[in-house]
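When the letters of the sequence shown are read in order and numbered with the working numbering, they come out as residues 363 to 1008.
In case anyone wonders, no lab produced these hints; they're calculated from the structure.
Ideal Cβ positions, reconstructed from N, Cα and C, are used throughout, including at glycine.
Don't take every hint at face value.
Derived DSBU-like pairs: lysine-lysine, alpha-carbon spacing no greater than 30 Å straight-line [what the hints assert, rightly or not]: (1) 599 with 671; (2) 457 with 419; (3) 627 with 596; (4) 419 with 442.
Simulated DEER-style distance windows between Cβ atoms [said to hold, decoys possible]: (5) 705 with 786: 28 to 34 Å; (6) 855 with 894: 38 to 44 Å; (7) 829 with 855: 16 to 22 Å; (8) 731 with 829: 26 to 32 Å.
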Amino acid sequence: MTFLSLLVVSLFVLLFTRLWFLQVMAGERYAGLAEGNAVRALSIPAPRGRLLDRHGKPIVVNRYAMVVSVAPNEMGDRRKRVLADLADLLGLPRKEVQRRIDASTAGPFRPKPIAVDVPTDIVFYIHENGSTRFPGVYAESLPVRRYPHGKTAAHLVGYLGEISEPELAMPAYVDYRPGDLIGWAGLERTYEDVLRGREGVRRVEVNAKGDVLRELPGQLPVPGADLRTTLDLKAQKLTERALADGIQRARTVPDTQKGRGKHYKAPAGAAVVLDPDDGGVVAMASYPSFEPERFVGGVGARYWRRLQKPENHFPLINRAVQSSYPPGSVFKVVSAAAALGGGYMTPRSRLPCPGSWDWSGQVFRNWNVADSGPMNMYEALENSCDTVFYELARRMWTDEQANGARREHLSDEAAGWGFGQPTGIDLPAERGGVVPGRAWKQAFWEDHRGSYCTQARQAPEGSYAQLLFSDLCERGNIWRGGDAVNMSIGQGDVQTTPLQIANAFAAIANGGTLYQPHLGGKVIRPDGRRTPVKPEILGELPVSRRHLEVIADGLKRVAATGTASATFADFPVPVAGKTGTAELRPKQPFAWFASYAPANNPEYVVVAMVEEGGGGSLNAAPIARRILEGLLDLDRTEIEPGVVTD
363 MTFLSLLVVS
373 LFVLLFTRLW
383 FLQVMAGERY
393 AGLAEGNAVR
403 ALSIPAPRGR
413 LLDRHGKPIV
423 VNRYAMVVSV
433 APNEMGDRRK
443 RVLADLADLL
453 GLPRKEVQRR
463 IDASTAGPFR
473 PKPIAVDVPT
483 DIVFYIHENG
493 STRFPGVYAE
503 SLPVRRYPHG
513 KTAAHLVGYL
523 GEISEPELAM
533 PAYVDYRPGD
543 LIGWAGLERT
553 YEDVLRGREG
563 VRRVEVNAKG
573 DVLRELPGQL
583 PVPGADLRTT
593 LDLKAQKLTE
603 RALADGIQRA
613 RTVPDTQKGR
623 GKHYKAPAGA
633 AVVLDPDDGG
643 VVAMASYPSF
653 EPERFVGGVG
663 ARYWRRLQKP
673 ENHFPLINRA
683 VQSSYPPGSV
693 FKVVSAAAAL
703 GGGYMTPRSR
713 LPCPGSWDWS
723 GQVFRNWNVA
733 DSGPMNMYEA
743 LENSCDTVFY
753 ELARRMWTDE
763 QANGARREHL
773 SDEAAGWGFG
783 QPTGIDLPAE
793 RGGVVPGRAW
803 KQAFWEDHRG
813 SYCTQARQAP
823 EGSYAQLLFS
833 DLCERGNIWR
843 GGDAVNMSIG
853 QGDVQTTPLQ
863 IANAFAAIAN
873 GGTLYQPHLG
883 GKVIRPDGRR
893 TPVKPEILGE
903 LPVSRRHLEV
913 IADGLKRVAA
923 TGTASATFAD
933 FPVPVAGKTG
943 TAELRPKQPF
953 AWFASYAPAN
963 NPEYVVVAMV
973 EEGGGGSLNA
983 APIARRILEG
993 LLDLDRTEIE
1003 PGVVTD
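From just these sequences and the hints, can you work out the full model?
Below you can see the structure in the form of structure tokens.
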């Protein structure tokens, strides 16, 4: 036998011997390993941190709920039948189950949640029939959000949703996976990195059927940190209730202006309570509101459509920060500061307050048609005399024209008070409002000139519309005297948010410091470490102390003997405030009231705004009174409309 032949025979002997060993001697051992040769790593969601009020009372917490999720890739060719049976078992339309699967951003190898708070008997049934009827269906206890106070502070706390594909590409979410829950709105969004915990890992050994053979070492989840906010839960409920009651009451008040409807529509509104000493938000309400509980496990299609309908007035919008409006006469504090600071009026000098005022043939009217006689600045604020501010605006605009508009008194003053830019509050999607002026109008005109020119060409020959749009097409970039006049009383193109007005009045109340409004108070880590959120100073009002005192004294007169006296004359605590009635035609007027109390030692700033709510004294001031009664522990009175003033 040759060497090569001997080598081949030897190899066959070795191969046969090894094969016999594997099949006979070790067959039973390897058969068992073949059924249990997979290790599966399962993520364990970490509970999010809680949201607490300033006293530690829970606003948003966690609970454990039975959640049914599906992994369609594990269903094979039985997917259609499994999902149909599961839909019937859960009592859901089959299309809805598929919609929830399609809406999930979870990857193909990660279960997609389709039902929360599943009854125990259904969970047991799924577990008992998992491998036969429901492959790829998981039922497990997971932490979800709980809202013990229902809709309270819904716009502030926000809600959760699955991370989107564009967000996954952002550097801020580098550690996230498809299907992860993140804050979609409110504090849940702003403090996502604080509230989010670190998920754990459960490692198990399974056989080919997916049965768990044994537990392997894993990693426990780490809960997120708690956020103690500046909110006072009692004050928040009080503010929301007062706003809702006031809006309902406004809808019963007759609108005496012909052609605008029998009553005020009052579809929506907002209210803000600030601590003037540090900018902390004590309460913030927006009406209408929504139920954050509906977002647990994914918001239903029907409820989502309801939230998007215009006739429901878009409840998801936080009107205190995400909507801006013409402020009306509450803006006169800015105009007063600009006039006093520029020397266009002294605190004691007087200007006429006629029922109407003429400038180059254009007539501007006061809210009060009667001639009220000469007024100083205290009295002009007290009585909200439009025509005094018209004259001051004329003087400032004329001076600007003569001096090349090196300074725009009203616009610069408003910017110094924080208007025209977001306050920086720790809530997403804050609007900055509009401070108009020459540069702003030029830019606006450049953006809209094409539309003006088109409408001028399309309007009937010789019509008012043709004259108007032709003028806007050719000279719409010019900052005219009428623009300054309108701005002086918070009309025209100026827009503010309720929060900006509240922050401005907080600065008056504390002597001139503009704080950055904030809701975050203290971060409390799972290990007990506490990190306070320090209030930031945005700057100081561009107003001398003397002139600020003049404005403050005028605001005290508003509540005592002026345009808000019908609501506050008998109030046991002195209040400083300003009414406002903003025209936004063809809509009904928007009602404003901005205030702080006690007037001589301010503890709270309260602002109320009602869309299409009529006069500020009529339907906004009574809301503020109700809020102040609760904040100051005074006897509650019924919300009654005030008298029709500015």
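These are the hints, each one checked on the structure:
Pair hint residue 599 plus residue 671 holds up; C-alpha atoms about 26 Å apart against a cutoff of 30 Å. At most 30 Å may separate the alpha-carbon atoms for a hinted pair to count; residue 457 and residue 419 exceed this at roughly 41 Å. The straight-line distance between the Cα atoms of residue 627 and residue 596 is roughly 29 Å, inside the 30 Å bound, and the hint therefore holds. In summary, the hint linking residue 419 to residue 442 is not supported, as the alpha carbons are separated by about 47 Å, beyond the 30 Å threshold.
Hint check: residue 705 to residue 786, Cβ distance near 32 Å, so the stated range 28 to 34 Å holds. For the pair residue 855 and residue 894, the supplied restraint of 38 to 44 Å holds, since their beta-carbon distance comes to about 40 Å. Checking the proposed 16 to 22 Å range against residue 829 and residue 855 shows it holds: the Cβ atoms sit about 20 Å from each other. Between residue 731 and residue 829 the Cβ separation comes to about 28 Å, which falls inside the hinted range of 26 to 32 Å.
Hint compliance for this structure: hints 2 and 4 are broken, all remaining hints hold.
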